[in-house]
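All chains should be modelled from the sequences, with the hints used to inform the complete structure.
As a plain string of letters, each chain reads:
2 protein chains.
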Amino acid sequence: MTELRGPVRIVGTGLIGTSIGLALGRLGVVVELVDADPDNALMAERIGAGSRLVQIEPQLVVVAVPPDHVGAVIAEQLRQTDAVITDAASVKSKPLTDASALTDDLSRYVGSHPMAGSERSGPLAGRADLFDGATWAITPHETSDPKAVDLVRRLAEAAGARTVELSVQDHDLAVARVSHLPHLMSALAAGTLVDAPNSHLELAGQGVRDVTRIAAGDPRLWTQIVSANSTALTGLLERIRDELDRMLVALGKEEAGEELASILGQGVSGAVRVPGKHGAPHIELVPVLVTIPDRPGQLARLFADAAESGANVEDLRIDHSPGRPVGEVELAVKPASVDQLVRVLTERGWSVHR
Amino acid sequence: MTELRGPVRIVGTGLIGTSIGLALGRLGVVVELVDADPDNALMAERIGAGSRLVQIEPQLVVVAVPPDHVGAVIAEQLRQTDAVITDAASVKSKPLTDASALTDDLSRYVGSHPMAGSERSGPLAGRADLFDGATWAITPHETSDPKAVDLVRRLAEAAGARTVELSVQDHDLAVARVSHLPHLMSALAAGTLVDAPNSHLELAGQGVRDVTRIAAGDPRLWTQIVSANSTALTGLLERIRDELDRMLVALGKEEAGEELASILGQGVSGAVRVPGKHGAPHIELVPVLVTIPDRPGQLARLFADAAESGANVEDLRIDHSPGRPVGEVELAVKPASVDQLVRVLTERGWSVHR
Numbered sequence: 001m002t003e004l005r006g007p008v009r010i011v012g013t014g015l016i017g018t019s020i021g022l023a024l025g026r027l028g029v030v031v032e033l034v035d036a037d038p039d040n041a042l043m044a045e046r047i048g049a050g051s052r053l054v055q056i057e058p059q060l061v062v063v064a065v066p067p068d069h070v071g072a073v074i075a076e077q078l079r080q081t082d083a084v085i086t087d088a089a090s091v092k093s094k095p096l097t098d099a100s101a102l103t104d105d106l107s108r109y110v111g112s113h114p115m116a117g118s119e120r121s122g123p124l125a126g127r128a129d130l131f132d133g134a135t136w137a138i139t140p141h142e143t144s145d146p147k148a149v150d151l152v153r154r155l156a157e158a159a160g161a162r163t164v165e166l167s168v169q170d171h172d173l174a175v176a177r178v179s180h181l182p183h184l185m186s187a188l189a190a191g192t193l194v195d196a197p198n199s200h201l202e203l204a205g206q207g208v209r210d211v212t213r214i215a216a217g218d219p220r221l222w223t224q225i226v227s228a229n230s231t232a233l234t235g236l237l238e239r240i241r242d243e244l245d246r247m248l249v250a251l252g253k254e255e256a257g258e259e260l261a262s263i264l265g266q267g268v269s270g271a272v273r274v275p276g277k278h279g280a281p282h283i284e285l286v287p288v289l290v291t292i293p294d295r296p297g298q299l300a301r302l303f304a305d306a307a308e309s310g311a312n313v314e315d316l317r318i319d320h321s322p323g324r325p326v327g328e329v330e331l332a333v334k335p336a337s338v339d340q341l342v343r344v345l346t347e348r349g350w351s352v353h354r
Numbered sequence: 001m002t003e004l005r006g007p008v009r010i011v012g013t014g015l016i017g018t019s020i021g022l023a024l025g026r027l028g029v030v031v032e033l034v035d036a037d038p039d040n041a042l043m044a045e046r047i048g049a050g051s052r053l054v055q056i057e058p059q060l061v062v063v064a065v066p067p068d069h070v071g072a073v074i075a076e077q078l079r080q081t082d083a084v085i086t087d088a089a090s091v092k093s094k095p096l097t098d099a100s101a102l103t104d105d106l107s108r109y110v111g112s113h114p115m116a117g118s119e120r121s122g123p124l125a126g127r128a129d130l131f132d133g134a135t136w137a138i139t140p141h142e143t144s145d146p147k148a149v150d151l152v153r154r155l156a157e158a159a160g161a162r163t164v165e166l167s168v169q170d171h172d173l174a175v176a177r178v179s180h181l182p183h184l185m186s187a188l189a190a191g192t193l194v195d196a197p198n199s200h201l202e203l204a205g206q207g208v209r210d211v212t213r214i215a216a217g218d219p220r221l222w223t224q225i226v227s228a229n230s231t232a233l234t235g236l237l238e239r240i241r242d243e244l245d246r247m248l249v250a251l252g253k254e255e256a257g258e259e260l261a262s263i264l265g266q267g268v269s270g271a272v273r274v275p276g277k278h279g280a281p282h283i284e285l286v287p288v289l290v291t292i293p294d295r296p297g298q299l300a301r302l303f304a305d306a307a308e309s310g311a312n313v314e315d316l317r318i319d320h321s322p323g324r325p326v327g328e329v330e331l332a333v334k335p336a337s338v339d340q341l342v343r344v345l346t347e348r349g350w351s352v353h354r
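As they're listed, the protein sequences go chains A and B.
For the first sequence, this note's numbering assigns the number 1 to the initial residue and increments by one for each residue that follows.
For the second sequence, this note's numbering assigns the number 1 to the initial residue and increments by one for each residue that follows.
If you are wondering where the hints come from, they were derived from the structure by calculation, not from laboratory data.
Any given hint could turn out to be false.
As the list makes no split between identical chains, a pair holds if one copy fits it or if it spans any two.
[Said to hold, decoys possible] No farther apart than 20 Å at their CA atoms in a straight line, the calculated lysine to aspartate or glutamate pairs in the EDC-like style are these: (1) K147 <-> E57; (2) K147 <-> D315; (3) K253 <-> E165; (4) K253 <-> E238; (5) K334 <-> E255.
Next comes the structure, spelled out in structure tokens:
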């Protein structure tokens with residue numbers, strides 16, 4: 001089995017590159033930091049992600065530069081070193097295609113996609129535990145050397161992640177489905193709110209908040225991601241457009257029912273497939289709702305009481321009630337724990353409902 | 001000012017009707033329960049929502065029957081009583097149109113849309129505080145008597161809700177935007193997951209969970225709602241379909257950037273308009289992330305420590321980490337509270353990040 005001894009060169013010290021450096025630092029691996037912007041590299045060094053000015057023969061190079069440059073840097077590093085090269089791009093086909101155009105031997109390259117931390121950016125946001133418990137996709141291509149694949153697995157494990165291996169094509173279709181398309185749907189729904197009168201927005205509830213939350217992500221980054229994954233996304237978007245057309249035709253008819261019910265039923269079937277807590281398949285949890293006054297210490301009191309009942313809170317949501325200083329907390333617990341939880345909370349004076 | 005003395009007749013003792021009965025019961029108002037299904041009415045009576053077998057001359061009638069029957073029951077009650085009539089349908093134009101076809105004088109009818117509790121159903125799910133802090137839309141039409149409108153306001157207030165008044169047309173467009181369209185977008189995104197291989201789903205994160213959550217709602221109910229609001233929705237769906245077409249054309253081009261950035265930018269502008277906590281406009285909150293081991297009592301401990309720092313937790317989310325028994329809690333606090341919160345939590349041994 002291949003061992004990750006280091007040194008590791010990190011090219012691109014944004015959030016992801018810096019965090020990988022910090023994670024490797026936990027294990028005492030020597031890390032070299034490189035960035036086209038010297039300030040970025042300096043900041044990453046300052047927070048302990050590695051060193052800028054070292055002479056190393058890297059065992060591994062991690063390319064964590066913006067999507068449009070990944071392929072070129074992979075090719076450059078393949079030429080300049082004997083190292084295994086990996087990257088962190090969220091779409092895997094583009095780096096491979098771009099690198100292939102610049103160099104012939106790609107056996108030392110194995111694509112990576114560490115799936116963590118997309119909301120903050122820059123080296124100062126870097127964290128050693130960013131990938132703890134996160135999913136790290138590894139996408140060997142046809143000519144990837146098995147030893148190189150093994151080393152990249154070691155990297156992901158060193159960062160605390162759990163690995164999932166897929167082909168380049170499967171990965172891009174997967175993220176198109178579970179990341180990029182939802183982002184686009186969210187953005188389209190949110191776009192209709194731009195010119196909505198304030199009185200319309202007063203009727204907004206938790207549903208639209210959930211659907212539009214991710215639409216607030218950086219549009220420049222997402223434009224690059226979506227463009228890079230245009231092949232996989234085009235197929236999905238065409239399906240969506242066809243479903244939309246079906247919906248519009250149905251709405252224009254007297255008896256829209258069956259057509260709509262079919263599309264909505266598909267939505268239910270898809271929604272229940274989304275993994276819940278800890279990547280487990282959707283498990284049967286019972287929601288227990290508690291009305292909570294919006295004062296300091298209330299959440300703490302609620303959770304202390306819940307803990308005393310012995311119930312493990314598997315999931316929770318806060319629902320905001322416009323206009324009144326109360327919220328509703330939805331605790332999700334396994335069926336066996338419900339009665340106990342409800343009893344204890346009620347005894348403690350909470351307003352509890354199922 | 002008109003006073004809600006009662007008696008109040010509630011026709012339709014599902015979740016909404018029963019909850020209204022319970023809310024009025026808190027104030028000692030006499031409530032009569034009517035339902036085409038005698039078992040429903042009996043269950044509602046059993047949990048204290050009112051009485052089935054009373055002879056009353058109602059001051060107010062609340063029609064809380066399924067969407068397709070609302071108009072007919074409104075007309076029937078207008079003919080049979082001298083009461084003010086309101087309803088609870090989530091689309092306001094259809095009941096008005098249906099009732100108008102059956103009776104001439106609609107001055108005693110004022111539409112209502114109490115916006116609460118759509119995930120559970122049936123009389124046994126009824127709660128007296130279902131509408132506490134909830135939004136209750138009131139939609140007077142052209143011939144609605146001002147005294148009737150006033151009485152309906154009293155009803156909403158008695159139920160603990162805050163009222164928003166809009167025209168029938170505005171209301172339907174508003175809920176199309178902030179409720180029905182997001183539901184359809186969610187359903188379309190979720191529908192693409194039905195035939196996704198398990199390996200694809202392993203890459204799912206919080207984003208797709210947020211976007212697809214509401215797609216799990218009852219498809220038969222939503223089919224009725226969407227059909228009833230087809231006019232307002234058709235316009236919005238056509239806009240979405242045109243944006244989708246723009247997106248598809250852009251993705252097929254070499255330089256997709258500007259087109260996509262524009263659509264995504266619109267998404268950001270819309271997303272930040274969605275009201276946050278307590279219906280307030282989106283306020284500047286700072287996220288503080290805490291890694292949390294998935295053991296009983298951890299959440300309680302975290303919130304107790306947060307409370308001791310003096311910070312009021314304005315919002316929170318739990319992010320699930322597939323494969324590892326840890327989660328990440330995102331607490332959102334006002335900027336002034338951040339340093340204090342981070343300091344106290346760090347001192348208590350929590351793994352905290354910003």
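Against the structure, the hints come out as follows:
no., hint, in the structure
1, K147 <-> E57, "within (18 Å within a copy, 85 Å between copies)"
2, K147 <-> D315, "neither (40 Å within a copy, 46 Å between copies)"
3, K253 <-> E165, "neither (47 Å within a copy, 31 Å between copies)"
4, K253 <-> E238, "between (23 Å within a copy, 16 Å between copies)"
5, K334 <-> E255, "neither (41 Å within a copy, 50 Å between copies)"
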